[in-house]
Structure formats: C-alpha cells, structure tokens
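Residue numbers (this note's numbering), protein chains in the order written: chain C, 1 to 285; chain L, 1 to 299; chain P, 1 to 460.
Hints listed in this document are in silico derivations from the structure and should not be mistaken for laboratory results. Quantities reported herein were computed from a predicted structural model and do not represent experimental measurements. Please note that the accuracy of each hint is not assured.
[What the hints assert, rightly or not] Here are the simulated EDC-like pairs of lysine to aspartate or glutamate, each with C-alpha atoms no more than 16 Å apart in a straight line: (1) P/K313 to C/D44; (2) P/K347 to P/E44; (3) P/K79 to C/D231; (4) L/K135 to C/D44.
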Amino acid sequence: MSGREIPKLRPGDALAYLALGLWSLFVVFPLFWIGAMSFKQEIDIFAYPPKFLDFSPTLDNYLDVFGLLGGEAATGFGKYFVNSLLIVGVALAATVVLGTMAAYALARLRFPGRGTIAFLLILVRMVPILTVLLPLYVLYRNAGLYNTYLGLIMAYLFVGVPFYTWLVRGHVDAVPIEIEEAARIDGCNTFQMLFVVVVPVMLPGIVSAALLSSIYMWNNFLFALILAGPDLLPVSTALLNYLGYSSDYGNLAAACVITSAPVVMVGFLIQRYIVAGLSSGAVKG
Amino acid sequence: MAAISRAGNRQVWLAYLMVAPIVLLFAGLLIWPWLVGAWTSLTDMRIGRWGSEQFVGLQNYIAVLKSGAFWSSLRITAFFGFLCVTAEMSLGLGLALLLNRSLPGRSLFRALFIVPFMVPTVVCGLIWRQLLEAKGVVNYLLSFIELGPFPWLSSSGTALGSLVLIDLWQTTPQVLILALAALQTVPKDTYEAARVDGASAWQTFWRVTLPMIAPYLVIAFLIRAIELLQVLDIVMVASQGGPANSTMVLHLLAYRETFIGGFLGYGTSIAYLLGFVVVLAAIAVIRLLGLTQPKDERP
Amino acid sequence: MITKWSRRLFTMAMASACLTGLAPATAQDVAGPEAANIDWRQFEGTTLRFLGGQHPASAALMLVVGDFGALTGIKVEVKQISWNAYFQKVQLDLSSPDPQYDLFLANGGDFDWLYGPTGSVAKIDEFLNDPKLTDKAWYDLADVDPKVLAAASWDGVAGHQAGTGSAHVVPFMSESYMVTAQQEMLDKYKLKLPTTLEEVRDAAKTIYEGEGGKVAGFAARGGVGVVNAALINFLLNYGGGDLDADMNSRLASTESAYVHDLLLNQILRPYGPQGWLAMEWTDLRARAAQGEFGIWYDADWFAVGYEDAAQSKVAGKLVYGNLGSADSKFADYYYFGLAINDKSPRKDAAWLLAQYFSSKPVMLRLAVENQLLMPTRASVYNAPAFAEKYGKWGNGTWLEAAKANLSQWSKPAFTPTDQQGSIKNIWAAGAHQIYEGADVNQTLGQVAADIDSLMERAGY
Numbered sequence: 001m002s003g004r005e006i007p008k009l010r011p012g013d014a015l016a017y018l019a020l021g022l023w024s025l026f027v028v029f030p031l032f033w034i035g036a037m038s039f040k041q042e043i044d045i046f047a048y049p050p051k052f053l054d055f056s057p058t059l060d061n062y063l064d065v066f067g068l069l070g071g072e073a074a075t076g077f078g079k080y081f082v083n084s085l086l087i088v089g090v091a092l093a094a095t096v097v098l099g100t101m102a103a104y105a106l107a108r109l110r111f112p113g114r115g116t117i118a119f120l121l122i123l124v125r126m127v128p129i130l131t132v133l134l135p136l137y138v139l140y141r142n143a144g145l146y147n148t149y150l151g152l153i154m155a156y157l158f159v160g161v162p163f164y165t166w167l168v169r170g171h172v173d174a175v176p177i178e179i180e181e182a183a184r185i186d187g188c189n190t191f192q193m194l195f196v197v198v199v200p201v202m203l204p205g206i207v208s209a210a211l212l213s214s215i216y217m218w219n220n221f222l223f224a225l226i227l228a229g230p231d232l233l234p235v236s237t238a239l240l241n242y243l244g245y246s247s248d249y250g251n252l253a254a255a256c257v258i259t260s261a262p263v264v265m266v267g268f269l270i271q272r273y274i275v276a277g278l279s280s281g282a283v284k285g
Numbered sequence: 001m002a003a004i005s006r007a008g009n010r011q012v013w014l015a016y017l018m019v020a021p022i023v024l025l026f027a028g029l030l031i032w033p034w035l036v037g038a039w040t041s042l043t044d045m046r047i048g049r050w051g052s053e054q055f056v057g058l059q060n061y062i063a064v065l066k067s068g069a070f071w072s073s074l075r076i077t078a079f080f081g082f083l084c085v086t087a088e089m090s091l092g093l094g095l096a097l098l099l100n101r102s103l104p105g106r107s108l109f110r111a112l113f114i115v116p117f118m119v120p121t122v123v124c125g126l127i128w129r130q131l132l133e134a135k136g137v138v139n140y141l142l143s144f145i146e147l148g149p150f151p152w153l154s155s156s157g158t159a160l161g162s163l164v165l166i167d168l169w170q171t172t173p174q175v176l177i178l179a180l181a182a183l184q185t186v187p188k189d190t191y192e193a194a195r196v197d198g199a200s201a202w203q204t205f206w207r208v209t210l211p212m213i214a215p216y217l218v219i220a221f222l223i224r225a226i227e228l229l230q231v232l233d234i235v236m237v238a239s240q241g242g243p244a245n246s247t248m249v250l251h252l253l254a255y256r257e258t259f260i261g262g263f264l265g266y267g268t269s270i271a272y273l274l275g276f277v278v279v280l281a282a283i284a285v286i287r288l289l290g291l292t293q294p295k296d297e298r299p
Numbered sequence: 001m002i003t004k005w006s007r008r009l010f011t012m013a014m015a016s017a018c019l020t021g022l023a024p025a026t027a028q029d030v031a032g033p034e035a036a037n038i039d040w041r042q043f044e045g046t047t048l049r050f051l052g053g054q055h056p057a058s059a060a061l062m063l064v065v066g067d068f069g070a071l072t073g074i075k076v077e078v079k080q081i082s083w084n085a086y087f088q089k090v091q092l093d094l095s096s097p098d099p100q101y102d103l104f105l106a107n108g109g110d111f112d113w114l115y116g117p118t119g120s121v122a123k124i125d126e127f128l129n130d131p132k133l134t135d136k137a138w139y140d141l142a143d144v145d146p147k148v149l150a151a152a153s154w155d156g157v158a159g160h161q162a163g164t165g166s167a168h169v170v171p172f173m174s175e176s177y178m179v180t181a182q183q184e185m186l187d188k189y190k191l192k193l194p195t196t197l198e199e200v201r202d203a204a205k206t207i208y209e210g211e212g213g214k215v216a217g218f219a220a221r222g223g224v225g226v227v228n229a230a231l232i233n234f235l236l237n238y239g240g241g242d243l244d245a246d247m248n249s250r251l252a253s254t255e256s257a258y259v260h261d262l263l264l265n266q267i268l269r270p271y272g273p274q275g276w277l278a279m280e281w282t283d284l285r286a287r288a289a290q291g292e293f294g295i296w297y298d299a300d301w302f303a304v305g306y307e308d309a310a311q312s313k314v315a316g317k318l319v320y321g322n323l324g325s326a327d328s329k330f331a332d333y334y335y336f337g338l339a340i341n342d343k344s345p346r347k348d349a350a351w352l353l354a355q356y357f358s359s360k361p362v363m364l365r366l367a368v369e370n371q372l373l374m375p376t377r378a379s380v381y382n383a384p385a386f387a388e389k390y391g392k393w394g395n396g397t398w399l400e401a402a403k404a405n406l407s408q409w410s411k412p413a414f415t416p417t418d419q420q421g422s423i424k425n426i427w428a429a430g431a432h433q434i435y436e437g438a439d440v441n442q443t444l445g446q447v448a449a450d451i452d453s454l455m456e457r458a459g460y
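Excised from the complex, chain C in its bound form (with noise of 0.2 Å):
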C-alpha cells in the first residue's frame, strides 16, 4: 500500500501541495479567528485594523458563557451541553439498535413491503422541515411530549435513522454471504446472526455510521427550536440565545467554540473511518 514507501515526489507534487495548502488556509483561518475571538476582550474585538495575534487573551467570555461571571442574567452553557449529550447520546444508543436491525432485514430478508420502506427512508430527506414542524409541534403538545426529553430525543432519531440505516444497508451488502450462510449451518437464528456474527465484521461501518449520524445529530436546532422550552436545548440551539439583541460578541465566540469542539474533536479523530465507511457502504446502499 502506497504510504509505506516513500513516494518519488513528482513536478506535478509541488502544484499539489500549493493548492492543498491553499485549502487549508481558507478552511482553517474561519475557524482560528473564531478561535481568537473567543479569547479576546471587547475592545480588541472591536479594534481595526483587526488584530490577529497581538491582544492580551482572557478567559472572561467562556466564564461568562457558563455563567461564572455571576450576576443574574448569565447563562450558564453548561446546562444546554448536558442536554445535548443526553439527547444525542441516548438518540445515538436507539438509533444504532433500532437502525441495525433495520438495515439488516432490508438488505438480507425479504418481505412484502420492503421496497416501500427503503423508500420511504429516502423519502425523509425530500421532505422540507416545514411541512411537518406545525403539525409535529401540535402533535406534541397533545401527546404531552412538549418539552420532554423523551420527545427530543423521538424526534432526533428521526435525524438520525433514515441515515444510519441507509449507510449501515450498504455495510451488510459487503458483509460476504458465506459467513451466513456457516453461521446458519451452526444453527444460528436471525437475531444471534445479527448481533454476534454480521455485526463484528462490519464494525467500522457501524462506528462510521453512528458516528456520522451523532455529529448530524449535534447540529440539529431546528427541532429543539419548535419542540422544547428554554430549559432543554441542546447547545446548537441555545447558541442562537446569541443572535439577536446581544452584542457581545466574545460570549458569542465562546458559545460557538464550545459547541463545535466535541463534534469537530470527534471527526477528526475518527476522519479515517469516514472515509473507509463511506466507501463500502453508502455507494452502493
């Protein structure tokens, strides 16, 4: 595999470099910035000529954002960032359990009915929010599932399964029939085939796809927005507490790097799994 030698660098290497740097350059820069100013006094925020590195760096504004800054009308961040690890993470745990087994059937079973499901999972996507917040919202509300836990986390899983279960279908797909089919022979029924034999073989998939589905999760607000009180919002939802009448942009920085860190700590850790899963699933699902 290429990357165990080492590669003869090509003339061609050197435009490659210049333009991947190029790149990198525009993608990082947005997120140094936001970075600084998170770290960044009032003034300097406000100073022009914009000043990139020479400021004297405080950690007021992250102190402030989780309300330790005291005074009555901070906002204490640190209660929206449990919320979001609850509800994406109990969303997470239903989605992988519910999801897998619904990939499985999918790829491996037949029944009446299975083509429509399929589509129904890819109908999800075509559907604008709008068409269905009002009523879901209405729904909710006479269900008693307004501003619960459990109502968020039944409507994250709608974020989360149609993707999961499109991605984790491919994964069985490349799962080799003959394993089954020993397994079958040892007497295995369908659960325990799942669970204990196709299940391990496709586990990176299955990180990759949960995973990916966590971090589509995370970036969800607009269902918190309709379907939950002040109190339960994930943080990309109480971020936008930040819009509007308040100009305190620092706070705002700080509120933005808190809630992008885990995702963006996660997928780069696990950036090569993405990519691996991807390729033999999503393709051909």
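Position chains L and P relative to chain C; hints supplied.
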C-alpha cells in the same frame, strides 16, 4: 445483493419485527404530521385563530403560484443550488484527486478538510457573518492585495454569492468524502495499466477513472441537490433573506409566511410546493445522469 | 446595558450592599410596596413563569424577582430566549389551552396588536378595577405617560389608531428616538446639531467629505430596522404614514417618495456607513460607540452604551437632540410591558408582578441603579436621583431631548395591525432596492401594491 432465501412466514414475521420500531416512529413522526400538514395547506388556517379555519381546497396553492414572491424565490433557490453544486462538485472532486496521490502528509490534510463539515450550521453562519462584515477581517486582508472592500452580505448583488461561499466552505467536505471513497474503489493497477498503455494523466482521468467513479458522483450530486434546494439554516442565520429579498430561498419564504405572517395554510402550501420541486429535481437528476449500481446484484 | 462587565460591577455592588446590611437605596420619598393597601401575600406559594426575548427588559425582571418573592411569597421563573424562538413560542403558547407561561414580554405593538384583539392577552382593566389587587392611589396610573399608555391600547378595530380601547399592558419601559453627534466633529466643521433631515444632508456631506470618507456623515439603522427606526419617524414629520383608515398603504404618496429619496438617495448612500444594508441595531450601536459616525439617529436608551467609558470611544463627547422636519420632531413610541396570558389560572398573581414591576419605587430603582431606560413615569424623570445620574450626558442635552420626547414628540407611529411583521419586511426590501439605485416612485408603487395585496389576503 443476495438474500437468504428461506420461504416461510417466520422470516417475514421476524423481518417485520426488526423494522417495526422504525416504521412506527416514522408513521407517527413523519407520515401523520405530513398528512396534517397537507390538510392545513388546504385550509385558511391562521395563527391565533385555531379552530376557525375553513377548507379552501387548492386556493392557497393557486395564490402561491400566482405570486411573484414564489417564482422569485424559486429562481433564487435554483440559482443558489446550481452555483453551489457546481462549485462543490468541482472542488470536492479536485481535492479528492489531489488527496488520492501518494503525498506525504495527506492524511493530515484529509483530517483538516473534513472539519468544516462538523461545524454546526449556526456556528458556521455566525462565523462567516463576522468575517464578511464591511470592516471585517476578509475585507482587511483583501486590502493587502489591492482589492477594494467587497460588500459581501450587505448588497443584494453579492449576498447570494456570499452565501454560496459560506456553503462551499461548509459542505465541500461532504463531496470530498464521497469522492475519496469512490476513488478508493478504483484498483491501483488500473492506473498502472493506463500508464503502460501510454495514456496521459488527463486521459487516464477522463477515460478511466471518471467512468468508474461516476455512479458515486451522481449520488453526491443528488444528495447535494436535495439538500440545497431545501436550504434554510444557513440563510436564516447569515442573511435572513435579505438584503432586498435577494437571498429569500423558498424554504425561508415558507417560514416567513408561516411564522411571521401567521398564514399557516398559505405558508405550509409553499413548503409542499418546495417538496414537490425537490422530488421533481431528484427524478430529473436520476433520469438525466443515470443512477446505476456499481455492482448490480439486485435480485 | 447589562453586559458582563456591568454584571461584574453589579455583583460586587450587591455583595457589598448586603455585607453592610443596606438594601439598595430606593428614593426616600417614594412609597415602597408596603405602603400599598393590598395584601401582597394573597397568592403566597404560587409559581409564575415568564418568557421574554433576549433584552435588558427581561434581564431587569430577573433583578427584582428576589425582592418580589420576599414580599409576596410568589416564586417567579424568568426565561430569556432568542427573538426568533420567542415569536414562535409566544404564538404557540398563547393559543394552547394549557399554557406554559403566565407572563410574556410584550414588545410594543408587534406583540399587543397580534395577541390583544384575539383575547389571548388579558386587559389590565380587570385588574386595575379590583381593589383587592390594586391600590390605585399608590399605583398612580396617571403618573405613567398617557401617550405611552395610549400606545399600548387598541380596540382591535382595523383602521383605528392606537389609543382606542383599553390597554393590554402597563408599559414599564419605552423607547423613542434621538439624534446624536460627536461634538468634536460638529466643532471641527462649525456645524450645529441638525434638527431637520435637510440639515442632516448638508451636515453629513460636510463631515463625510471633510473626513475623506473615513467617518460616515450620518447613520441610521439598516436591515429591516430602517423601517421602524428611521423611515416611519421621518414620514410622520413630513406628512406621510404607513396605512390609512381603510388599511391601504400610503407608501406610494408624494410625501413618502420625498422622504425615501431624501434619506436613502441623498443622505445614506453617498454619506452613510459602509455595509449599511446589513447593519442592524446591534451593529449600529457598536459602531457608533467606536466613533465611526459623525451624526446618527437611533434609540434614546442606546446612550447607556455610548456613555460607558469602558467600551465606548466617544463617551462624554456627544450632544443629543430631537430630529424631524421644520414643523415637528415626532418619533415613534416603542414600549415594553408585561403581558398576562389570559388563559393562565394564575392571572391575578401575575398582575401583582406586573404591578410591582411597573410601580414607582421599582421603576425608579431600576432606572437609577441598573440603567434600565427609558422609564415611563413622569415621577421618575423628575426624581433628583435620575437627573443627577443622567443629566451629565451630553452636558444635559440628553435629558432635555428625553423630556421633549416625553412631553411633546413621542407618539405611536404605526397603525395597529397583526400584519406588522410582514409589512415591515416588504417595506424594508423596497427601501433596500431604492438604496441600491432603483427608481423611487416605481419601487414605492410596487411596495404599496404588495402591502395592499397582503392586507387583502389577511382579510382587511
């Protein structure tokens, strides 16, 4: 895709058991609200006047289709989608090709390039709104290369382009990942064989690589098109549809009519028309570009 | 402005006050709530829930709920959320039979005209006239500026102006507009503070050209705010208006064309700030404090930020006044109040909070100690503590302009309708087009036509 052919009710029963939770979830959270939404779009429901709505048939739809705002938004949405898809596909594929070469340090680049995709849309919009201010950093940097201050989001001529730039930053990675995945299915010896046959790099790409990864690119194209036509978050955060309605995409128009105007029936009908447009576009893409499975094992 | 810096100071002040055993001083000659002849504790044990948009008004409520709780035994939960979310939540909650919130932050007509007529918000009369709930003498509603109270009243009949019917809230905070200028700029170019738009044009040109474009000659709100913070005010003074008695748009009139052309084409485009089209009020306020404008026109209470030396470069160097035409200097009266959810079973307890929050001693304390502006009671403006604190701004010109607004110039400028939000959007889009070079009469004609068809769709 081989299925274990086992006749008998037991398999079917099991299958239903396995998909039941998902199906129930979607029946409850998608189908039912969707039907209610469809019903709402056929009434003149207004916010604050629940219970007094009346069935008006297709009146809302007709009114929407007759309104200039709808077609203007449709044009803007289509234009936005077109620009973004073109840019993202080109850049995504180009970067993927570069990363496919055996360059030292490429996994670092790859890890870096994926990051914008992880950043929540709200954050992305906020960051870029800051960067693109009249006296913001970007204009400042541009002044060093003698390029005058650019109005970015504060002019109706450039606001949409600025949104394209922002979306590009955030979602090129999505295409990049899919393209990379696609390229990795191309066996190494294919390139060898082409080189031995005397093909130039360009010919190799055009005649050999591209046809092999085409199905994956079509999928990327499809996903992007569907998502872009429905864009809402980034516009809401970065420009709110302005200035002068130059970035008023359809989904945002529906949102405005529903939540600001309070016209639930009217607003929902715009949303349904958008859904219709998306489905049409998806069908068009599939028909025109062809959606063939790389390994067609459908029974 | 309750920024984190002022929060720090406030916390320290509260801490030291508590340590020395002193309650924060209320004006000695204003009767505290104990003097009211009602049983404050009649709803002891209740919990009230308030929802507001992100605003100093909501934050201010948080400051008093402790004392209120001590007085009444009522616990109040205060929530602030973003304005986008707020509008949605209010709509949905006010129509629900099982309400989550008892009180809302009513932001002017945007709120009251939408919910008042549908009966979702309780009218204050039912509480005011109940002697068990209100001590009318102590509460002294006559002390509240009648014009701002009128702004909060509407009988719900299309075409009727504000001031008809009875009030939905007692405004505890108002907002009107003033013109401000950097004294140094005026002195440098030997200008007087402009009082008419035509004078603004000449002054703005001088400053802009004199400073080589580095300082904007004149600034007013951009984005959607151009409608409510600039255009409507000037229209009032030049014989125009938004809607007529039949709810038809008046924006295509000659007066309207004159004002739009003057403001957008002759002042803001040539001599105004860069990036004006996207400049909402937070940006304007920040940039003004950085000294980017020579003259500007916006809300009166923004002076809290301008005069804060910790973050403003122009503190202590400004002059204030009223702006309009040669005939008049009218400006819109925006206000904030506590609206009570009519379906709440705790309405009466909620009224106690609304009454408390808008009472003389509390309003005075919030104005003097927490810089919550603008109060709505004449007694607050006349209190020595108030004059002492705010009389310094602009060497007295701020207080003078504020009192002039209160006594003469401020009045509700918009015609009540539940379609305010959509109308503003249509209007602002037209203003943007004019700013970018579109023909004034043609654009305004289209704007008026669009508004008329909107009103038709809305049933007017």
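Tested hints:
no.: 1; hint: P/K313 to C/D44; result: holds, 13 Å
no.: 2; hint: P/K347 to P/E44; result: holds, 14 Å
no.: 3; hint: P/K79 to C/D231; result: holds, 9 Å
no.: 4; hint: L/K135 to C/D44; result: holds, 14 Å
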